[in-house]
Structures are given as C-alpha cells and as structure tokens.
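> Sequence:
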Amino acid sequence: MLQKNWWKFIIKIDHNFEDIVSWKLENAGIYSFAFNYLDIKSSLIELVVWLPKKKWGNSERKNFEVFLADIFERNGYEFNGFQWSSLLEDQWSSCWKKYWEPELIGNDFLVLPCWMKLPKQYKSKIIIKIDPGAAFGTGSHPSTSLCLEMMESIQLVNKKVLDIGCGTGILTVSAKKLGASEVHSLDKDYLSIDTTKDNINSNFGCMHDFYLHEGSFSEIEKKKLLKNFDVIFCNILANVIKNIIPYFSSILNSKGIVIISGIVSDQKNEIVGMLNSYHFKIYKILSKEDWICIKAIK
Numbered sequence: 001m002l003q004k005n006w007w008k009f010i011i012k013i014d015h016n017f018e019d020i021v022s023w024k025l026e027n028a029g030i031y032s033f034a035f036n037y038l039d040i041k042s043s044l045i046e047l048v049v050w051l052p053k054k055k056w057g058n059s060e061r062k063n064f065e066v067f068l069a070d071i072f073e074r075n076g077y078e079f080n081g082f083q084w085s086s087l088l089e090d091q092w093s094s095c096w097k098k099y100w101e102p103e104l105i106g107n108d109f110l111v112l113p114c115w116m117k118l119p120k121q122y123k124s125k126i127i128i129k130i131d132p133g134a135a136f137g138t139g140s141h142p143s144t145s146l147c148l149e150m151m152e153s154i155q156l157v158n159k160k161v162l163d164i165g166c167g168t169g170i171l172t173v174s175a176k177k178l179g180a181s182e183v184h185s186l187d188k189d190y191l192s193i194d195t196t197k198d199n200i201n202s203n204f205g206c207m208h209d210f211y212l213h214e215g216s217f218s219e220i221e222k223k224k225l226l227k228n229f230d231v232i233f234c235n236i237l238a239n240v241i242k243n244i245i246p247y248f249s250s251i252l253n254s255k256g257i258v259i260i261s262g263i264v265s266d267q268k269n270e271i272v273g274m275l276n277s278y279h280f281k282i283y284k285i286l287s288k289e290d291w292i293c294i295k296a297i298k
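For the sequence shown, this note's numbering begins at 1 and goes up steadily by one.
Derived by calculation from the structure, the hints in this document are not laboratory data.
A couple of the hints might just be wrong.
Simulated pairs of lysine-lysine, BS3-like, Cα-Cα distance not exceeding 30 Å [to be verified]:
id : residue 1 : residue 2
1  : K288      : K298
2  : K222      : K159
3  : K298      : K281
4  : K288      : K98
5  : K159      : K284
6  : K98       : K54
7  : K123      : K159
8  : K159      : K224
9  : K177      : K224
10 : K8        : K54
11 : K242      : K55
12 : K12       : K288
13 : K177      : K129
14 : K281      : K177
15 : K284      : K177
16 : K298      : K177
A quick note: this is a predicted structure, and the numbers were derived from the prediction, not measured.
Generate the whole structure from the sequences, applying the supplied hints.
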C-alpha cells in the first residue's frame, strides 16, 4: 500500500477573512492552501490547507490548530467545524488541480496549469506553464502577479537574473521567456527547488542557463556564488527582505535593478527607507489588495 504523505485541513470561513488568513499562513511559511467558493450567494468559503506528513506530526498539527484559533479570535471570528484527513501523493495532486485555472497577468503573461491545454484565444500570450507542487507562486497571489507586471516594464534580454525565494519558479521561467541569458534561482526549501526544476523543464525541456541554489540567502552568499547580476527579483516576506537589502549592491552590476515584493502597505515606508539608505533610487511602486511591489535602481 502506498504511504499516505499529506494532511488535508478544511474549515469554513467568512470571505471577508480571506486576506488576513492568507497573510498569516504565508508569514508562517505555509503556502499550500486554497479557497473554495461554495456558493455565490453565501458569505462562507472553504479554506483548504495541505501539509506534508513528514514535517507535520500530531504535536505540529495541534500547534497549527492553536495558531489558527488565535487568528480567528483576534479578528472576531469563531474557530470551529474543522476537519483533518489523509491523502496520498496522487490524491493530493488531483485535489490541488481543481482549484486552479489559467490566469492572465499584466499585458502579456498567461499562467497555464501544466496539465491543461492552451486555449486558442491565448496563443499570442507569453505562456508560463506551472505545476505548483508543494511550493508557493502560482501567479494568483498579488505579490507574485505584481512582480510579473513589474517584469514587463524592464528589459531582460541578455540579462543575468537572480530570483530570491523562487517558490514554484514562476519568476525564473518568466525571466527566461523574456530573454534573460542566465537565471539563478534560490530557495531554502528543497520542495521549492524541486518544483522550480520541474517547471523549468516543463517550459524549456532542459536546464541550460539555469542555476539552482538550495539554502538561505546568507548561506549561498557566503559561498560567493552570487555576483554580477543585472536584475534581482525578491518575492518573499518583508522581515526577510530587510536582512537581504544590505547585500544587494555587492551582488548587482552597476545600475542594477531590484524588484521587491511580498510587502504589505504598512511596511512600504520602512523598506523604501532602507533601500534609500543603501543608495537605491525608487523608480516605480505598484500596489494591489494592500500588497506592494517596488522597483529600485542602484
């Protein structure tokens, strides 16, 4: 019998609570979740979270319940009616897929689930085939879609690019599709590195001109593996970004560009202030649903 290796957690929440729950889960490093809209007339939606069994034993799951209950209580919602179940790998894959459809982003991109055929009306778009696996970054989250929209505003042909916190590799793949000559992808989560590799192969059929780095930014930077980049994409949490900003100048070429996302609006001034203090000029800021994406030039 195949090993059951995923937990599935389900709870019904008010649709107005969706953004807060998303933000809190991502801040906790939990990215495999989706919202199921049960009835267009109902204010309730279903939150579904998938957790890998080998990292989530009984005590970790109990702590997760306490974590969610606290979020609910602090925001005036009741925490009840949840359920846990076990899933096999193939069951998890099928379960995830039903929540995701092709998505147009910006002027040029179509993010296409890799198991779906390309609709004829979108053949003129830049097609980004993605299987999210257990990683973060399908393009649907505002922090990722803002990065893609900002990407359209810069010249990437023949540029050397670094994607910090690559998740599914959606920004990695997109940069190469826009002509980047060399793309480095970094993530501390082995699931993200594996998913990025799979998505690169799905889009290009090979790993030529791609370089994957598993580990934290500080670990990889100490090995002197990061240097002479023209563009850096950094779509991670603001608290992590603050620790990385001091290193941007040393790994960027002259007049290099950084695209920073994963920032909520009330963190904008602090991040902008840090960039200014390290001699970066803010060139453009995009916002969506309380999320901010910043383009800055060295």
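> What are the numbers of the hints the structure violates, in ascending order?
Of the numbered hints given earlier, the structure breaks none, since each of them holds.
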